Amino acid sequence: MSEEFLKCQLGFLGNTEGSAYLSQGKSTVSVSVVGPFEPKASKCMYDRATVDVTFRRKTGSITVHDKMLEGIMQSTCEKALVVEQYPRTTIVVTVQEMQDRGNLLSTCLNASCMGLMNSGIAMHHLYAAVSCAVTEKEEIILNPDETQINSSVAYLTLVFANTETRCLLTSHTTGEFSQKTYMDCMDKCYAASKEVFNFYQKVIKKSSIFN
Amino acid sequence: MNGNPLSDCEKTFILEAASQKIRLDGRKKDEYRPLKIAYGLDWGNCLVTLGCTRVFAQVSCEIYQPNNSRPNEGVLQISAELAGDNKINDLTKINQVLERFYKDSKCIDLEALCIIAEEKVWKIKVDLSVLNMDGNTLGCCSIATLAALMHFRYPDVVSTGEKVVVYSSSERDPIPLSLHHHPVIASFAIFEKYDFIILDPSLLEDKVCDNKLSICFNNHSEMCGVDIEGCASLSQNLLMNCSNQAASVAIKLVDKIKSAIQIDIKNRSSKSFKGLEPAVSEDNGLKLCLSDKIHFVGPSNQENIKEEIDEKMVVDQDDVIKITEGTAFTASHNNLHQISKKGDKNDDLIVIDPESSESSSSDESIEIINHYKLDDIRPVIGKYVVSDDENSDTGTIILD
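Residue numbers (full-length UniProt numbering), protein chains in the order written: chain A, 1 to 211; chain B, 1 to 400.
Keep in mind the hints are simulated off the structure, nothing from the lab. Quick caveat: nothing in here was measured; it's all calculated off a predicted structure. C-beta atoms are modelled at their ideal positions from N, C-alpha and C, and glycine is treated no differently. The hints are all genuine.
The calculated label-pair distances, taken between Cβ atoms and stated as ranges, are:
| # | chain 1 | residue 1 | chain 2 | residue 2 | range |
| --- | --- | --- | --- | --- | --- |
| 1 | B | 22 | A | 43 | 40 to 48 Å |
| 2 | B | 20 | A | 68 | 52 to 60 Å |
| 3 | B | 229 | A | 66 | 29 to 37 Å |
| 4 | B | 159 | A | 44 | 51 to 59 Å |
| 5 | A | 44 | B | 22 | 42 to 50 Å |
| 6 | A | 63 | B | 161 | 32 to 40 Å |
| 7 | B | 172 | A | 124 | 51 to 59 Å |
| 8 | B | 120 | A | 180 | 49 to 57 Å |
| 9 | B | 171 | A | 71 | 34 to 42 Å |
In silico DSS-like links for lysine-lysine, alpha-carbon gap of 27 Å or less:
| # | chain 1 | residue 1 | chain 2 | residue 2 |
| --- | --- | --- | --- | --- |
| 10 | B | 274 | A | 202 |
| 11 | B | 11 | B | 29 |
| 12 | B | 258 | B | 125 |
| 13 | A | 67 | B | 123 |
| 14 | B | 274 | A | 194 |
| 15 | B | 106 | B | 256 |
| 16 | B | 125 | B | 274 |
| 17 | B | 274 | A | 188 |
| 18 | B | 252 | B | 212 |
| 19 | B | 93 | A | 40 |
| 20 | A | 206 | B | 36 |
| 21 | A | 180 | A | 137 |
| 22 | B | 125 | A | 67 |
| 23 | B | 106 | B | 123 |
| 24 | A | 205 | A | 79 |
| 25 | A | 206 | B | 274 |
| 26 | B | 274 | B | 258 |
Given only the sequences and the hints, what does the whole structure look like? Please build it.
So this is what it looks like as structure tokens:
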């Protein structure tokens, strides 16, 4: 897998607090972060900020499966943000799918993390999502392409935080696999997530003026 | 943010500049901002960047029952929505103008989209996502619409009497839409007091100007529509001048789109074509290449622990925990705490299994805590912790 894995541009939208344009393999998404701003009274919470993640398909309409992806992103983002610091506000994260060639969930999650980093909203930790596919021969392919996903027996997306100890935030799995395979996948994805965190660091260094 | 009201200072500054016939960004009055059109992997998928205004378009098609009044014509639908911007701005106006200009100018051969009259026609849907608004949103939307429509291909269809066969792209090459002409909108902002007319207004100019004039022209210099917004009264001369200018602009824009499509089709044949992706340059953007060998940074004695646990599983299987092969394990963000324990307590196994907790409390070597909630942050005691969560229907096993 020596091909380009991640490509990113931060702050490419002018009217938002934070934005990221990320391509992972052949999948591309753009993320914008708006807020914290004052929401409608019904959405207001007196002790914390509400986080609202919207996932948009390029054709406009979203399915039940997309709603589920939205929920996964929402819970991951909400955990990462220091919501107590912004009471009575809302933070809106919009994820726009631009091109889908597999690994959409991990691309969206990585892009949303970069968008949040770019926005300067306080965060507990960063997160990185890595997808892997398990083939029939129990081989683990990191960041598989579309055909590899379709021919695999199991497909996992694991999200890790950048803490000292290994900290799994979210795990979304489909298909059937043994426990040992799961642990192996976790090892591999964790190793790959370290690379993603290094990448985050480089991007921030490059985009900030103090480099 | 777009929702912010315009300050008086800004307003007077721009008006002052307009009185001296200068634009804030130093452009000439008939100069467009740099236009970039990038096509994606799918047909009819493009990202148009005009200055900082970004519009993303996707054309899709579906088989649809035609309207009763036009039984042998396909349907064209254009909808623009805001994405990524805050929701204060309203795009209904842009939607209306686009629909009017593109539908009523009959640029698409809708009759060619008919499969069976009165029963099945193609419905072509253009979805525009306005990612960023920085002036001239309408103009950028129209470029995106046209660029996407010109690029789009719909699957080949053969109707044999009663059956309709839709061929996938691998079976037969999809067909491009037949366009009679290529209309595109040029927007002007008019400062009436200073007799200053500018093309492609930026966001601030857009907000300050007296009048907004949008003229739609096609590549044959034929007018397809005019939209005037604002309160200034326009003279006939001014309108004629503007439309002449718009006609020449439209030709340039259509040429630009055509060359972008040609470049795209050339690129498409190469295998490394990746469609839309962020531009990586010296100033911004970065890419990461994963190497084949990723060094593992997991716990060093990972292998040993795993074997040990496997043995225990076999011993305990009959009376303690029933673990079948291929059980799916899901860890949600709620048990963050338990997982992070892994580093310091290597020989702990936490089992949260809703089914097998009751029967297993007889074993002395294992301490069992029943009803161990997922969000409980009790420290782990003993070798096994079997716990039960009523709310979760997925069992979770975390090993180290």
